[in-house]
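Sequences and hints are given; from them, build the entire structure.
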Amino acid sequence: MEAKKGPYLYGLIAEFNNEHEVVEAAKKVKSAGYTKTDAFSPFPMHAIDHALGIWDPRIKWFIFCGGLFGCIFGFSMQSYISAIDYPLNVGGRPMISWPQFIPVTFECTILGAALTAVFGMMALNGLPQLYHPVFSVPGFERASQDKFFLYIESKDPKFQLEATKKLLEELGPNAVSIVEDMRDDH
Amino acid sequence: MAGIMKNTDHIETRLDAVRMPALMLGLVGLGACAYSYSLDPKNMLASYLYALMVWVSLTLGCFGISLLHHVVRGKWGLSLLRLVEAGGGHLNLLTMGALFTPILLNMQTLYKWAIPEVLAHDHVLQHKAIYLNVPFFVGRTVFFFLSWAFVAWVLRRSTLRQDETNNDAEYAWRTNIATPTLVYFVLSITSAITDWVMSLDAHWFSTMYGVWFIVGQGLITMAFCTYIICSKRDCSPYKDFVNPDLTKDLGNFMFMFTMLWGYTSLSQYLIIWSGNLPEFISYYVDRAEGYWNVMGAFNIVSQFFIPFILLLAPRTKALPNMLIKVAGWIFFVRLLDLYWNVIPTIRSSGFHWTDIAAVVGIGGVWFFVFGTEVVKARLTPQYDKRLTEVAHH
Amino acid sequence: MATETKYEEKYNEPILTGNQSHEVITDRIGSIVLSQEKHPNIWWGFIAFGVMFTPVLVFSIAYLVYKGIGIWGNNQPVAWACDIINFVWWIGIGHAGTLISAILLLFRQQWRNSINRFAEAMTIFAVMCAGLYPLLHTGRPWVDYWIFPYPNILGMWPQFRSPLVWDVFAISTYFTVSLLFWYIGLIPDFATMRDKTKGGVAQKIYGVLAMGWRGSARHWHRYEASYLILAGLSTPLVLSVHSIVSLDFAVSILPGWNVTVFPPYFVAGAVFAGFAMVLLFMIPIRKWYHLEDYVTIRHIDWMSKVMLTTGLIVFYGYILEMFYCWYSGNIYEIYLCINRLSGPYALSYYALIFCNGIAPQILWSPKMRRNIPVVFTVAIIISIGMWLERFVIIPVSLHRDFLPSSWGMYYPTFWDYSMFLGTMGFFTLLMFLFIRFVPMLNIFEMRDLLYKLNIDPSKGAGHTNVESSKKGGN
Chain A
0 MEAKKGPYLY
10 GLIAEFNNEH
20 EVVEAAKKVK
30 SAGYTKTDAF
40 SPFPMHAIDH
50 ALGIWDPRIK
60 WFIFCGGLFG
70 CIFGFSMQSY
80 ISAIDYPLNV
90 GGRPMISWPQ
100 FIPVTFECTI
110 LGAALTAVFG
120 MMALNGLPQL
130 YHPVFSVPGF
140 ERASQDKFFL
150 YIESKDPKFQ
160 LEATKKLLEE
170 LGPNAVSIVE
180 DMRDDH
Chain B
0 MAGIMKNTDH
10 IETRLDAVRM
20 PALMLGLVGL
30 GACAYSYSLD
40 PKNMLASYLY
50 ALMVWVSLTL
60 GCFGISLLHH
70 VVRGKWGLSL
80 LRLVEAGGGH
90 LNLLTMGALF
100 TPILLNMQTL
110 YKWAIPEVLA
120 HDHVLQHKAI
130 YLNVPFFVGR
140 TVFFFLSWAF
150 VAWVLRRSTL
160 RQDETNNDAE
170 YAWRTNIATP
180 TLVYFVLSIT
190 SAITDWVMSL
200 DAHWFSTMYG
210 VWFIVGQGLI
220 TMAFCTYIIC
230 SKRDCSPYKD
240 FVNPDLTKDL
250 GNFMFMFTML
260 WGYTSLSQYL
270 IIWSGNLPEF
280 ISYYVDRAEG
290 YWNVMGAFNI
300 VSQFFIPFIL
310 LLAPRTKALP
320 NMLIKVAGWI
330 FFVRLLDLYW
340 NVIPTIRSSG
350 FHWTDIAAVV
360 GIGGVWFFVF
370 GTEVVKARLT
380 PQYDKRLTEV
390 AHH
Chain C
0 MATETKYEEK
10 YNEPILTGNQ
20 SHEVITDRIG
30 SIVLSQEKHP
40 NIWWGFIAFG
50 VMFTPVLVFS
60 IAYLVYKGIG
70 IWGNNQPVAW
80 ACDIINFVWW
90 IGIGHAGTLI
100 SAILLLFRQQ
110 WRNSINRFAE
120 AMTIFAVMCA
130 GLYPLLHTGR
140 PWVDYWIFPY
150 PNILGMWPQF
160 RSPLVWDVFA
170 ISTYFTVSLL
180 FWYIGLIPDF
190 ATMRDKTKGG
200 VAQKIYGVLA
210 MGWRGSARHW
220 HRYEASYLIL
230 AGLSTPLVLS
240 VHSIVSLDFA
250 VSILPGWNVT
260 VFPPYFVAGA
270 VFAGFAMVLL
280 FMIPIRKWYH
290 LEDYVTIRHI
300 DWMSKVMLTT
310 GLIVFYGYIL
320 EMFYCWYSGN
330 IYEIYLCINR
340 LSGPYALSYY
350 ALIFCNGIAP
360 QILWSPKMRR
370 NIPVVFTVAI
380 IISIGMWLER
390 FVIIPVSLHR
400 DFLPSSWGMY
410 YPTFWDYSMF
420 LGTMGFFTLL
430 MFLFIRFVPM
440 LNIFEMRDLL
450 YKLNIDPSKG
460 AGHTNVESSK
470 KGGN
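Residue numbers (numbering that gives the first Met the number 0), protein chains in the order written: chain A, 0 to 185; chain B, 0 to 392; chain C, 0 to 473.
Bear in mind the hints are in silico, worked out from the structure with no lab data behind them. Given the structure is predicted, the values throughout are model-derived calculations rather than measurements. Be aware that one or more of the hints could be misleading.
Below, simulated DSS-like cross-link-like pairs (lysine-lysine); rule was C-alpha separation at most 27 Å, straight line [unchecked claim]:
(1) A:K59 x C:K451
(2) C:K286 x C:K304
(3) B:K384 x C:K304
(4) A:K59 x B:K247
(5) C:K451 x A:K27
(6) A:K164 x A:K35
(7) C:K304 x C:K366
(8) C:K451 x A:K29
(9) C:K286 x C:K37
(10) A:K59 x B:K324
(11) B:K384 x B:K238
(12) A:K165 x A:K26
(13) C:K197 x C:K37
(14) C:K451 x B:K384
(15) B:K247 x C:K451
(16) C:K451 x C:K304
(17) B:K324 x B:K231
(18) A:K29 x A:K165
(19) C:K286 x C:K366
(20) B:K231 x B:K247
(21) A:K26 x C:K451
What follows is the structure in structure tokens.
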């Protein structure tokens, strides 16, 4: 939609030396009104979430539903098998021996919730995604080691290549780079 | 001591306001019990034992949590230390021990194994008689209460001393006392609960029972403390540190104990139900008929599922008002659960008005002692500033 | 806080020492994976042990499948013996991994960060070893898939009222969740390895394993939420797994098995054995790989405390068993105790009491908890003790049950030993391959730890209390 930026420009990224600088910078970028922002850090930082206003509660609800599904599935599967499809008298216990169905129901609940937690997290994060334009940024390999990056997407309504670049440079980064898609077949 | 008593902690919280009304109610309740005893001793003693179990479990839970706090020294423990010190202090332990007298004087009414004629015709009971006999039973109960009260007194003195002197050596001293006591605590309660409740049906036994009872104590105590802390959150000193972090911790402890309660109850039931051996199932057979069955089902839902679902939500643990309701509910359901555990073995007819009279009677005395004790010290330990420090963080 | 440190100083070593920065941490841990030079020669020794004994396992299994489970020593009346003992032993060892990674995360114990990866790997490998036994014990391992409820033309379903079927669900869920938990924790570290390697196959492999992780704050946000919930799910899961293992016994009516306290008692025993095994591996490895800055003496102290606590719970279990056997007044129950104390296997019971009941008591002394040879020795004794515990529970209860005419004895055969040794070799092989190719400490959590300690340095000196290591930063 931002045709004037050209199809290859993804955004601007600034590299910082430590966690405090990047959090301060993030706060300023947020107060400047940018919303399509991101940060890259070698470990999770709540401060950055607060600074950039990152909040996504969906995963918790997904997991809850996954667990609930597992629970209902587990119990009804056992009841169906033991009482309807192949009723079998074991030691004179009732067909639906609920106390003895609890362990499997429980395991199914946990399995449902855990699978949802893992695959839901991946799906929401869009992983696996082996290539991303930020990987082409010089020095970005340090993002997984000891450097911190702040990123503003070109899709942001306030994004202006020059003005945004100037803003980022004023925040005291090591370097500001343009994020572009380097693939030929883009 | 006087200097410390002139503290401002109680001006707003007024936890001692409960004393006189509680004492009144207590005396009325105990009076009603005494009257009822003259009509039907067995009925009254059943109610009385049940009520004792309720308040003893709260007292011992308080004592146990204070021991645990002295061992692990968690920050969460600081917020409720003075409550559990008062609730599980030496005075309450001694009072509960003293209130055992009517039971100890009427062993034969409640415990079949104490009746010589029954004993003479039951070789299993004869086998157990070395352990289950009246003098030993009485001796154990008295000894347990005295020993618990002694340790509670020693630890309480130490925290009060540290409040005044700020001497850090007290910390180590308490840990050294509390750690072995915690071991003794678990063993003694296992023995005590075997005596008081398990031996009501002298043929039945379950190795899980002591664990189950200890978990129940933890649950009722956490509910009790959470209730007080959350309902007094606008009063000094609680207003300085009751924040979402603390309520989350308190909620999580209730959550944990709720799950442990479910875990121990289910394990015991599942194993006994699956084994289906005559000498094991008598306990559940007593509780499987008529309204006992309904009450058991109600207990499962209300003691496990309702608090579980409520406490699973982070929102519940962030809102003190919500947490108060959950804590109150848990406390109430603990009363029902203990009822379901104690009464059916003695009395198959179900509810009797003395049940309430006894709970109110002993509870009144309990709250009177609690109110008396709790105002004798600051509501938070003064020597450890971690609570308020984090509030400013 | 300040008031407390005076007393605490004496025994309160920091949980992270040395001159640390994000770069140093990344390099110290990451470089172990990237270069063979960082590995001492003894690494080859253990690999050799693994390579030697894994074939023993393979051959034992092959012969078992060829010949049938009659080659083991178990037969009526002792139908369950070494296979189930080893199954329970291995699965118990695995539990420490989940406990360290999940429960301590929930309790916000920062000391877990440097040992959780290692312990989780142990969990996965131990569960693999454990799972072999019941699968083989079915007798026809080639149709083991029958135990899963899938619609089939045989019209056959599992019998859901049997604890053995619960076991299948518990162990397979446990394995799946542990693997996922471990892998999720590894993704950011795989990304680090991808970025640290300079091209080549290694980079490609780490790149694929990292799945394109780029450390985005939006990703971290969901990652943390999901990781924390996984920890929350793993905690009841780990309790349930060993509880269900205990129900394999407790649901029966055999004296010595039909014990209501079995579930928590087994869980405590599992944690006890698991921590012993973590220490057995961690103590030499921190020395060989110079990780003393990350796995400090305080970690060892903490793990010893956990061992002491769980050991006391286990001991409480022994007391309960003995007391209620007597209290029951049931002749079979009473005979069980007599047989344990004076039967043909009495020695194993006394050895058990020594190993699990008496030896760990030395850990009451803070000085002994910091004495590495002592802790190491105690850990060995506990590992043996926990094997003995299962021996006392399983064959000793089985060999003399209700009818004296059906009593018998149990002696393990060569194949019982070879298979146990084989699983040990297999486990060692996997552990040392893991050390070679996967960052054995959680790098990003160590950075996180450093970050939090920097926010509040007083927490670095730390307290020995549960909540002091509260997360900062918000």
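Check: Which numbered hints turn out to be false for this structure?
Finding: none
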